[in-house]
Amino acid sequence: MNIRKNIILRVYLAFFLLAIVAIGIIGRVFQLQNIQGEKWRKLSDSLTTKLVNVAAIRGNIYSSDGSLLATSLPEYELRFDLMAEKVTDEIFNSKVDSLAYCLSALFKDKSAADYERKMIAARNHKERYYLLKRNVTYLELKEIRTFPIFRLGKNKGGLLFIQKNKRIQPFKSLAPRLIGYKIDGVQPVGLEGAFDKELGGEPGKRLMQRISGGVWMPLNEEDEIAAKNGVDIISTLDVNYQDVAQKALNQQLIKHDAHHGCVVLMEVATGEIKAIANLTRIEKGIYKETYNYAVGEATEPGSTFKLASYLAALEDGMFDTSTVQNTTGGIAVFGSHKIKDSHEGGYGIIPMRRAFELSSNVAISKQINDRYNGKASLFINRLKAFGIGEDLPIEIAGSPKTRIIEPNTPAWNDLTLPTLAMGYAILMTPLKTLTLYNAVANNGIMVSPKFVRELRSGGQLVKAYEPIIIRKKIASDASLGKMRKLMEGVVKQGTAKNLSTTIYSIAGKTGTAVIAGGAGGYANKRYLASFCGYFPADFPKYSMIVVITDPSMSGYYGNVVAGPIFKEIADKVYATSLTMHNDNANALAVAIAPTYPDAKSGDKTKTVLAYQKMGIKAPANFEAAYVTIDKDENGVSLSPKAMIAGLVPNVVGMGLQDAVYLIENEGMIAVVNGSGKITNQSITAGAKVNKGSRIVLDLR
Amino acid sequence: MAYNWIFKNAKGDRYIWLVVIFLSLFSLLAVYSSTGTLAYKKQHGNTEYYIYKHITLMIAGLFLMYWAHKLDYRYYSKIAQILLFVSFPLLAYTILMGEKINQAARWITIPIIDQSFQTSDLAKLAIIMYLARELSRRQENIKDLKKSFLPIIGAVVLTIALIAPANFSTALMLFATCCLIMLIGRISVKHILTTGAAGVMILVLVVFFGPRRETYFSRIKTFTSNETVDKDKSFQSDQSKIAIATGGLFGKGPGNSSQKNYLPHPYSDFIFSIIIEEYGMIGALMIIIAYLVFLYRSIKIVTKAPKAFGALLACGLSFSLVIQAFANMAVAVNLMPVTGVPLPLVSMGGTSILFTSVAFGIILSVSRDIEEIEKGAELATA
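Sequences listed follow chains A and B, in order. Going by the numbering used here, the letters in the first sequence line up with residues 797 to 1496, in that order. Going by the numbering used here, the letters in the second sequence line up with residues 98 to 479, in that order.
Certain hints may be false.
Calculated cross-link-like contacts (lysine to any residue; reagent style SDA-like; alpha-carbon spacing at most 25 Å) [stated by the list, open to error]:
#	chain 1	residue 1	chain 2	residue 2
1	B	Lys318	A	Glu881
2	B	Lys349	A	Gly820
3	A	Lys801	B	Lys401
4	A	Lys838	B	Gly350
5	A	Lys1134	A	Ser1173
6	A	Lys801	B	Tyr393
7	A	Lys1024	B	Gly133
8	B	Lys397	A	Leu809
9	B	Lys240	A	Ile804
10	A	Lys929	A	Arg919
11	A	Lys1051	A	Lys1084
12	B	Lys404	A	Asn798
13	A	Lys978	A	Val1258
14	B	Lys244	A	Arg806
15	B	Lys397	A	Ile816
16	A	Lys962	A	Glu871
17	A	Lys801	B	His288
18	A	Lys1024	A	Pro984
19	B	Lys287	A	Leu813
20	A	Lys929	A	Thr884
Taking CB as the label site, the calculated pair distances span [to be verified]:
#	chain 1	residue 1	chain 2	residue 2	range
21	A	Ile819	B	Tyr163	26 to 36 Å
22	B	Ser355	A	Arg913	33 to 43 Å
23	A	Ile819	B	Ile470	29 to 39 Å
Heads up, incomplete: computed chain A residues facing chain B, CB under 7 Å, no partners named [claimed, not checked]:
#	residue
24	Ile799
25	Ile804
26	Arg806
27	Val807
28	Phe811
29	Leu814
30	Val817
31	Ala818
32	Ile821
33	Arg824
34	Val825
35	Leu828
36	Gln829
37	Gly833
38	Trp836
39	Arg837
No lab work stands behind these hints: they were computed from the structure. Yeah, the Cβ is synthetic: ideal placement off N, Cα and C, and Gly gets one too.
The shape of chain B in the complex, shown without the other chains (with noise of 0.2 Å):
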């Protein structure tokens, strides 16, 4: 029933909108298995709180997909740049007055309807979206320092330092996002490099003197001597281990993971450990294979997408998705320090899901939009 529906409603590519369903279903699975500790502390006992929760939320997000992906893709290159206007004093705002969750400001509460939200998830959307517009309509002078890559460097240096203070790991994921896009974008190799280079240096200035360095330093240290630090140091890192170790091929089955109970946020941070745990490496190639589809769908967008725009605005939303759910994946199999980045459409973690599912909206939209030329073009040949 829902099948046919989306079959015959939703537009754009099917390859995608399978992915996402797919991605749906294992986030209601894994989100369920592990809620249940949180729900034992925090609820009582009422294990069915957070996946009814999570379920409205997954729902409302659809619901945005469909809408982003019914929208026009042109209009988002106006739309981007009224969402980077919000995001900048929103951002400001939340530095100074936000919610402070391990001592880190990050949330904001919506007033009237009371719901909290991430307002980096919000720039983050903003400033991609805002990279697309900027390097398609800057093309021609691509190379360009003063025309070209000032500009465009300069709001991205902008949002990342609004971000930074707060959720350091984000913004240099988001850095990372964006040199790539630019890259892909044709900014000049040179100027990218430059600026990678004045973004280490300000990394090492953050880590080593910024406000939050004791946390930079013993996750950093943590990671790197692993065998020398304190045990409830590298207890989240174990715990995932052990999860992932016990797994095995298959896993051990729907809702029999044990090291839930041990894992801090099993349901977002190492929700990818649970579902190994659950599902064994069968289930992480299954993921895994997912995002790889999503990207590389994207991809066949952008090599149909008849203008750079579009092009740009698909590849530039699913990597940063896709980088997103890796270095989600990374830091559960401790190749990466730890770090809080959700797994995308899997992880509970209210409003990152709407805007994720946005995102998700918009490339379905460009793509909608090829799929609408290519029937034009069919019939005008026939």
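For reference, chain A alone in the conformation it holds in the complex (with noise of 0.2 Å):
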């Protein structure tokens, strides 16, 4: 045989070997299509997979000085796949009373026996998705795990959870209204709603596949699109001046049997809303926050308008404060109606300023409609020059139109601007009434009122709100000079004299108006008792508005049952505002003496990150999930926070989200005070849980 036929006989016998590699592939085409083919498909079938949404973790609302106002807490919703793979006969069979027991014993909710009967039905009826509990909490969870049958093993033991968020306020009564809430289906309310996109983020997506029984299992390990989370919001809030105003409200509320009041305390350079309170009689002696008054209740201002009219008739040139005016035996008639002061018989003949400070209704009325006879056009555009009619340019929703009456229309008549004057025939809300005297507070610059001071993402600052100028100048320094010496003659010896005080001043106006009230009208006499003004008068600071509406018992006037608030308020928030006052003492007071730095007790693997991070030896040798956090100076050293299930837990040390977190989960209701850290609870350490009951955590 020669060379080329030789190698022609290999490479034949090579072909054929490779040919019958072929035949080899196919043959097992053919052996998975048809011999194999029913397993395979089948197992295809339960391959459906989808493009999951994952939610993003919501944003949390902080105050402006870093307490926190609304958060998330993960909550769980159990379920029993109890056909899942290692569910044998057997091992249900054994186990289901003592897994019954443990769920019985856990929630109290049921009877072992009654758990275990509906387990067992649901497994006569090979259920893949049993509804176990919902609203179980992470450290439930941790448990339920280790129970009888679950413990097999992740999915194989049959237990299945799906992670739901809770959004919680840990302040739970503090300015609920204006944190607000944004839940499927009903009308957004407040900064949760107003934020909603900002603080929801952006949702990510997961390939899941169904594994078996309608259960969705992620498919790859990560998110194909990672979910953006959402960004905190830092409101303008102050969490003690917050809780100042809802006390004093609460307070007054409660002594004059009144139906509901606000309160609104303003930073008057920055227009920053300090506290807003808004409450609600539930039932006598019990109030609560149900809605936003301040900010969606328009009503007619009364007296505190009177700023708006003196205003205007002094930029006018009109009148001047020395103005005489005869108050007329307390009696304006104008046409058919009667104007009436609320001293019976009248001031006498008094100048425009005493006028103003004694609130007489005939001489600031007389003097509109005298002056501006003819012009009534004039008086309303000039109100309009200081932005009353506008709307605010806030992110909160539900603020009403400001209603104005407008000349040479059908509901304009001879009474219209007599009434006007006193701060009647006029629709808005306190927070507009708010915004004009901040204005005359703050030189004439008209900042509009603001909730959030700015957006951060992970601690980074994603956007910040400037204060928002809606009027560079409503008046003249002149008149504005003058309306201040008004309001602060108001408290010195005007209707607002239960106000002063010898430490600072306060400056401002009552009001007591009469408010139409149902089918009986003006007649039915309910009254709308407010102040609204600013401190320290020399050197505006803040500017508050109080409106208590129909109070009931021990008075009705604006500085008997409006002005206490105000002052209680101011007295405290005077008290604790470094910037107000002029000895730097306590700024230096800050220790000096070097320490070593403090943390708040809690999650131990990040409090020793974080002591790692800075360079400091904090050993942790012990297994425990919360650590308490002892220093001197010598160092810092760590020890284990004991965490028993069905006991009270010691927050004491700690930071507010780690305890309400722990509280919570204890299904106790966690009640706060102050900012800072945990200083003392209510409730011992150690105590058996009571559901469902308080614990009132202060914090320093």
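Two independent chains are provided; combine them into the complex using the hints.
Here it is, written out as structure tokens:
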């Protein structure tokens, strides 16, 4: 055989070999398709995939001093796959009673027998997605995973859980309407509603696969598109001022058995709302926040509106504060209608300055009516120049429009001008009245109230909200100066004498309006008592409005009902606000002695990491989820913080987020006072938990 | 148009050209369908990104094939030598400096054009061409240990030793292919068996003590004891089997694969499974027959080639390609443990398409030469 033929023979032989391999591959395909086909096709039926939205973590809402006002906690829905891989007849039948016992002992909502019967029924129905329990906390879930059957392993033991995020407000009763909520299908409220997009972030996408019985399992380790977590909102609220405002309002409402009331505290220069409280009577002596009156309720403001009337007349040169006016026995007649002063018989002949201090209705309505006679639109336009009638550029929704009656319209009559002068025939919200007063205090610069200082993401600034200037100058310095003198006079020698203090001075205006209520109209005599002003009078730092609606006991005058609230809040704000005092002693009192950095007790790994980052030795050679921190001149030492389910946890020394998490996990309700680290808890650590009971946490 | 152009300008075996076109078209369909998940993940849903890249490479490949087949095949004897000498340092460089994917350094990046390529692709081409050269030159004393076997096996072992650290399965397959070519080239069976035995011993050593032993272990264990291993480990082959089983006789139709979402590298290592899922048993048969037709036509070249070099060059390259193709299929149908070999001309695989195209071009060059001799003979007898 020659070389050539030999090679060719070998080539054919090799070809033959490869042809056999080819046949082998085809045979294998045939085998997979026809002989094992059933098995693989069945497996494939369960392999349905879909892209599922992965919820982003909703941002927190903080107060301006860093306290947590709203945050999200994880919560789980428990499902039981009764046909899971390892849940065999043998295992199920022998363990179901102990599982039922454990569940019953943990949740205490059904008897063990009840649990057992229902699980057996579910197994008989071959249920793969049986609902065991909703709203399960993380700690409960951790425990449940150790229960009989479930401890056989993830998926295999049949325990399925779906995470849901529950929104909580750690300071439950603080400004709940301003913080608001966002629930699907319900009109969103407050900051949660206004900043829903920012807080909500962007959901991610994850490819999920249906494994069996409608259970979806992620296909890949990571999300296909990672969720973008929501940003945090730093609101302008100050937790301490808010607390003071709410307590003062609550007390006074109870005292006068009023229907509802609101307080807004605003920083003069920036328009930042430091406190906003709205309380409604639920039953006698019990008030809750159910509606944001300050933003959402437009009423006839009454005498507090005289500020606008006086300012308009001063600007238009209609009268001066020294112009005298006869109060004509306390009664002025306009057509068929009489306007009365609250003081029977009037005040005689007085200058307009005094008329403001005494809040004479007769004087101002006569002056405005006479001076603007035939020039009503001049007055209306002047009011509009003050920004009255415009919507405020605020973030939260639900503010009604201010209604002004225009001259030469059917609604206008002879009575409109004199009554408008004293704060009737116009509907506006307390917040808008406050904005006007704030502008007077702010040298004529009208800034809009604002509720949000900045948006932050992971501590990084995303957006800062600068003050919004509505009018650069609403009136001349001369007129503004006169108005401020008038308001100081109200407190010094006028209707609000009860508000005068020796340490600092308040300036403002009382208001006592009769409000149209129900079928009886004005005849029904419901009152609106208010006080709007600012402090300290010589160097305005904060402006504030207090409005109490329908006080039914112990008087109804603005100075009596609303004034004390104003004073109480102003006193506390003045006492705690360093910037209003001239002595720097407090600032210098900050300890100069070197100390090891303090930390709040809390999550162990995070605490250890934090100290590591600072290069401080903080040994923690023990197993614990939470730690307590002790420090002295030698350094920092950590010790385990015992957490036993069913017993009240020791949260003293912790930050608020950790503490509320632990307390809510135990089924208790945290009531929070102050901000900072927890210094005291109302129920002693180690006591048996009473689910649903309140535990008061004091923070400093 | 293109068809006519090819028949006018392209020389060499028309059936091989047809196979090339047929496989390329299949490749376009299968790659476009199977890159959806990848495009979604990495290109924000720009599903055309990968197919355009693939088309560009395929066109470049066709150009290379055209030029390679225009070149007189005798030049490849010298080129083989140069390529082999170039590939040794490149392989060494790759082991030391290459980019690591899955803990194996297989790729180096060509500076300036910034294109990474797998050096073993180059070495594979080089060693097979070199084998054809050396075997044909030593046919007189082919059974001689010192004059023929040792110099030839020396080059083979060096190449394989340099590929093996990073890409053991490729090295193993190349070794088998080289043994087959040496057998065809009439090297003593006794020598080859001895080498084979030595190879098996090295194989055992590497599998049990090599740096990537964990990978090998799990893959082999998965293959041999499918039922007992963890579900996650047999995931790839199970998904592949599902693809094949659900494809049936006629398949689900182009673009309708659902397994492409689960299979890793559905556009390369497991493209055969996707083809069966979308085109059924019929599709599988067409692809297999295409490769067999290609191999058969290459053998026809061998039988007609006047010189041993041409014959061995054509058969060495064609066997190498078809063995690689069948290895890819064997993995897909789970006749072999999972290993990453692309399906020649079909898989999306960057630069390996270019080397495959050059291999086709060289075979066609031999074929073109034979055609011209036959034409010359016809003219002479006429």
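In rising order, the numbers of the hints this structure does not comply with: none
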